[in-house]
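Make the full structure from the sequences, and use the hints.
Number of protein chains: 2
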Amino acid sequence: MNPKPKVIAFDIFGTVVDWHGSIAAEVQRLKLPVDSNAFATAWRKGYQPAMARVRSGELPWTKIDDLHRMILDGILEDFSLTTLSESDKQHLNLVWHRLNPWPDSVQGLTQLKSKFTIVTLSNGNLSLLANMAKHGALPWDLILSAEVFKHYKPDPETYLGVAHIFDLQPHEVMLAAAHKDDLLAAHHCGLQTAFIERPYEFGPGHIRQDLQRESFTNYHAKNIIDLATQLVL
Amino acid sequence: MNPKPKVIAFDIFGTVVDWHGSIAAEVQRLKLPVDSNAFATAWRKGYQPAMARVRSGELPWTKIDDLHRMILDGILEDFSLTTLSESDKQHLNLVWHRLNPWPDSVQGLTQLKSKFTIVTLSNGNLSLLANMAKHGALPWDLILSAEVFKHYKPDPETYLGVAHIFDLQPHEVMLAAAHKDDLLAAHHCGLQTAFIERPYEFGPGHIRQDLQRESFTNYHAKNIIDLATQLVL
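Chain order of the listed sequences is E and H. In this text, residue positions in the first sequence follow the working numbering: the first is 43, and each later residue adds one. In this text, residue positions in the second sequence follow the working numbering: the first is 43, and each later residue adds one.
Please note that a few of the clues may not be correct.
Repeated chains share a single entry, so a pair holds when one copy, or any two copies, can fit it.
[Claimed, not checked] Okay, derived cross-link-like pairs now, DSS-like style, lysine-lysine, Cα gap no bigger than 30 Å in a straight line:
{"no.": "1", "residue 1": "Lys131", "residue 2": "Lys48"}
{"no.": "2", "residue 1": "Lys87", "residue 2": "Lys48"}
{"no.": "3", "residue 1": "Lys105", "residue 2": "Lys157"}
{"no.": "4", "residue 1": "Lys46", "residue 2": "Lys131"}
{"no.": "5", "residue 1": "Lys48", "residue 2": "Lys192"}
{"no.": "6", "residue 1": "Lys73", "residue 2": "Lys264"}
By construction, these hints were calculated from the structure, which means they are not laboratory data.
Pasting the structure below:
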């Protein structure tokens, strides 16, 4: 068993906040005439391809806010939503700044903060993460983002960047995430890893089936309170 | 009168935390056989020349932690302190992560946070600022540093960088600082400015005489609670 980490870096979308539920709720609040679950899923689905366009050099370095807007413009067309004003679209795009934490997140993070330094490590831009923390009372010690490293996860510069910022060895940092590709990339960089089960990440109709324990995760937790129980007590 | 800013960026050393008093107290706690006030003053005095070596290209980009250590090694020699071990020196160097807030800082920042986004804008590195916030319970919405912009204040990239991160115009950001050169540089970039009086920044024996109101400051406050009273109420 490794010694406990000094810094725990959290993935955000899906791990700490419920993007699917928050976006579907916003779509319903706005009374958009679409299937709110399908709309949320489609928006998120555009995310990896959009980052790939930056990685390939087709686009220059771009904040996630701007990628979200490019994807939104596409899906508004796909869903035949043609009546939104420019200011409606801007407001809707910033729903990613207003995503709600999972019910266990604030309590679990607060417990972890008493013994560890807790930070974000998200592809979300800094203002998105700062506004989200204010909205959801997330008690970060430091907000770190792809925007600081000018690399998106899973590029090694992000995971190793956290260690560099804190003058630590990679194994003194842990990534906590609900996504195995993220954890595997962090593991390959020498970080410790904690998997957080988020069965409802994709909404109530699509319960995730990939929640089994993996050899490359140091911790496996039902939620963030469970992770805190394993690490703090 | 300008509309109120959306983001308030705070200078840290001297403005939010008492570097002189905290370092002098640490020197006394360690029972170092030197004048603790003179030692604190000398350490801080090395700061601008050290940053100038980075600006001139003589040194590559360097974290303030490392600049502090270079200066420390010099003043330990100047003060004939030759008995400290390497681990003593490392611990002493990190006193900058443990600087104490002025008595009004936490309350004033908490009041401001209820209506504004409050961030740091310091030449201190990210881990220094994160550890300091944890040590002093400083309630930042976002920690920003020269380390993010790869430029030290008063380079324009730092002040304009805050506006860029939040997708704001420069006048929608305010710099709050106890130092007029910092405020003047921010003013030249189009930011609003708030001067915070810190008469005891250089210790009880050297009361600052440069506290008068200036034409380039939008607000002038006795301390951060006073600034909150002017801005929030």
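Comparing the hints with the structure gives:
Only between protomers do Lys131 and Lys48 lie at most 30 Å apart by alpha-carbon distance; the minimum there is 21 Å, versus 41 Å within a single protomer. Proximity of Lys87 and Lys48 under a CA criterion of 30 Å is satisfied in neither setting, with 34 Å inside one chain copy and 32 Å between copies. Proximity of Lys105 to Lys157 under the C-alpha cut-off of 30 Å is restricted to the inter-copy arrangement: shortest distance 26 Å between copies versus 32 Å within a copy. Proximity of Lys46 to Lys131 under the C-alpha cut-off of 30 Å is restricted to the inter-copy arrangement: shortest distance 26 Å between copies versus 44 Å within a copy.
Within a single copy, Lys48 and Lys192 get their C-alpha atoms as close as 24 Å, and across copies as close as 25 Å, so both meet the 30 Å cut-off. In this homomeric assembly, Lys73 and Lys264 never come within 30 Å of each other (Cα to Cα): the closest approach is 34 Å inside a single copy and 49 Å across copies.
Hint check: violations occur at hints 2, 6; the rest are consistent with the structure.
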